[in-house]
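Visitor: The chain contents come next:
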Amino acid sequence: MTTSSASHKRRSHTMRKEQYLTYLLMTLPGFVLYCVFLILPILMGIYYSLTDWTGIGTNFNFVGIENYIKVLTNDRRFIQALQFNLKYSVFLVAGIVIIGFILALLLNRELKGRTFFRTLYFMPAVLSMITVGLVFKQIYFYVLPKIGQALNISVLADNVIARKETAIYGILFVHLWQGLALPTLLFLAGLQTIPQDMYEAASIDGANAWHQFRTITVPYMMPTLSVVLILAVKQGLNVFDYVSSMTKGSYNTTSIAMLIYQNAFERNRFSYSIAQAVLIGLLIALISFIQIRYTNGKKVD
Amino acid sequence: MNASKRRVNLLAYLILIVGSILILFPLYITICTTFKTQAESASSFFTLPKSLYLGNYQQILSHPTLKFAYGNTIYITVFSLLAELLVMPPMSFAISRGMHHRGKLFKALYFFFLLGIFLPFQVRMMPLMKLLGDLSMLNPTGMVLLYLAHATCESMFLYVGYLESVSTSLEEAAYIDGASTVQTFYQIILPLMRPILATVMIREGLAIWNDYMLPLICLNRSNTMWTLTLFQYNFQSEFNVDYNQAFSCLVVASLPVIVLYIVMQKQIIGGLTNGAVKE
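Protein sequence lines, in the order shown, are assigned to chains P and L.
Sequential numbering of the first sequence, starting at 2, is according to the numbering used here.
Sequential numbering of the second sequence, starting at -2, is according to the numbering used here.
I should point out that these hints are in silico values taken from the structure, not numbers from a laboratory.
Heads up, simulated SDA-like pairs for lysine to any residue below, C-alpha to C-alpha not over 25 Å straight-line:
hint	chain 1	residue 1	chain 2	residue 2
1	L	LYS127	P	MET45
2	P	LYS113	L	MET261
3	P	LYS249	L	SER234
4	P	LYS18	L	ARG99
5	L	LYS2	P	TYR221
6	P	LYS113	L	PHE22
7	P	LYS235	L	ARG200
8	P	LYS71	P	ILE288
9	P	LYS71	P	GLY56
10	L	LYS47	P	PHE142
11	P	LYS249	L	ARG218
Some chain L residues flagged as far from chain P (calculated, every beta-carbon gap over 10 Å):
hint	residue
12	PRO46
13	PRO61
14	LEU82
15	MET198
Think of the CB as a built atom: it goes at the ideal place given N, C-alpha and C, for glycine as much as any other residue.
Whenever a hint applies, use it, and build me the whole structure from the sequences.
Guide: So, in structure tokens, the structure goes:
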């Protein structure tokens, strides 16, 4: 009796140790890669941002927070890029949430051809952003002006993305064209988790459609909304592929990511560009944090 | 009641059809243009092509760097996915079960990996390039390692989330029967992870195939290292005036993904949603 319990105890003890070591070994490759390719570059980046390294050669000096001071006090391009990103993000987030939600509500109705519409509406999500950007660059250049001239719409008569006033909206349209697919899909998946009897019960109680929408649909959709918001804000503040493929940052469309890329690779201001990236990183982290706090507070139980 | 429902449905159709036209029109123009000569496009841009002119495709397909672009993209995507399949599920299993047994170390590791989701890419973009350069890994193989390293955040998060819903009673029984941890994982847990494996592979596969920024930073120096996204971008700059060619290039580069989507749309849609809803 005692021997068997002791041997069982010993066996479970050795198994725990074997388990623990196996777990550690299973985690090791990922841990090493993560440290080398994610943590190390971040630390290197923060270090370089405190130097005056140009990205070429090996000579550089430690300059403290000089780069940061310059970015914040004396960089009109940075402020302009920041303004571009904020304006862009506001329109993008509003567009994605409002249009995406409406599309999801429509695609959730029992309509004939629903499968066809769903298949079509989600297709843009599988294409690469660069492909879509390049397609629309050509369309803005060759196709839209022809339509504008034919229909006598003066805004479209010239290339939309080659004018300071309209270029941002040209890019936004393309971003929505492609970027709506996934949020719509997420909203649709969210709508399908709402128990249908809630609506039936509300109907019996005499609640109208708008009241049902406000008291049932919206609260249930808060977790999905939270995910969509975070993804959309991140996309807006990081936009690069569309800008790179359509305007390369000209006509007042230099986004922060574009500016950082240009500073690092085209203007040889390596350390300076990292200081900009760190500041934007902090901004994104702050916005995400506030957002998560806010939407978590509104979740349905 | 019924009449108002019909009216709403009518409005729904109207909006959905307008949206469909907005989605289809650029695709229609793109595909039509690829089958026209420049002269034909100039005279009639919006009509269907008079005949199937294949010259544009012939030129693209004989472009000397296209085969590299295809080769590199396939190489990077396939090996990144294989490497992820090899490394990530066991790692996520270890973290999930380590936390389950109240291992403080594994809880710490979980949050340490999670941190990566919030670290902005731009901060590490430049140092990463320098680091890869120093390791002489600014090549497709280096990219495979990078994508694998990136998977430790998001994919791990999805796998661990899924594993939480897989009961530990099956593995406990296997341990009592004398199976090792490795055997238990591969024989019992991994087959149960099939749905989440599909989700992660679809998400990662599309993201890697379509990625532009990382290849731009790491592989743009030599055209034999280009991926399809770089090929499209560089080709467009080269043939900016010839939009028939430019559009053909985009079609040739996107064809695999579009075909895949049409064949596997259910799995792809499911795969894209499952992950994000859990986040």
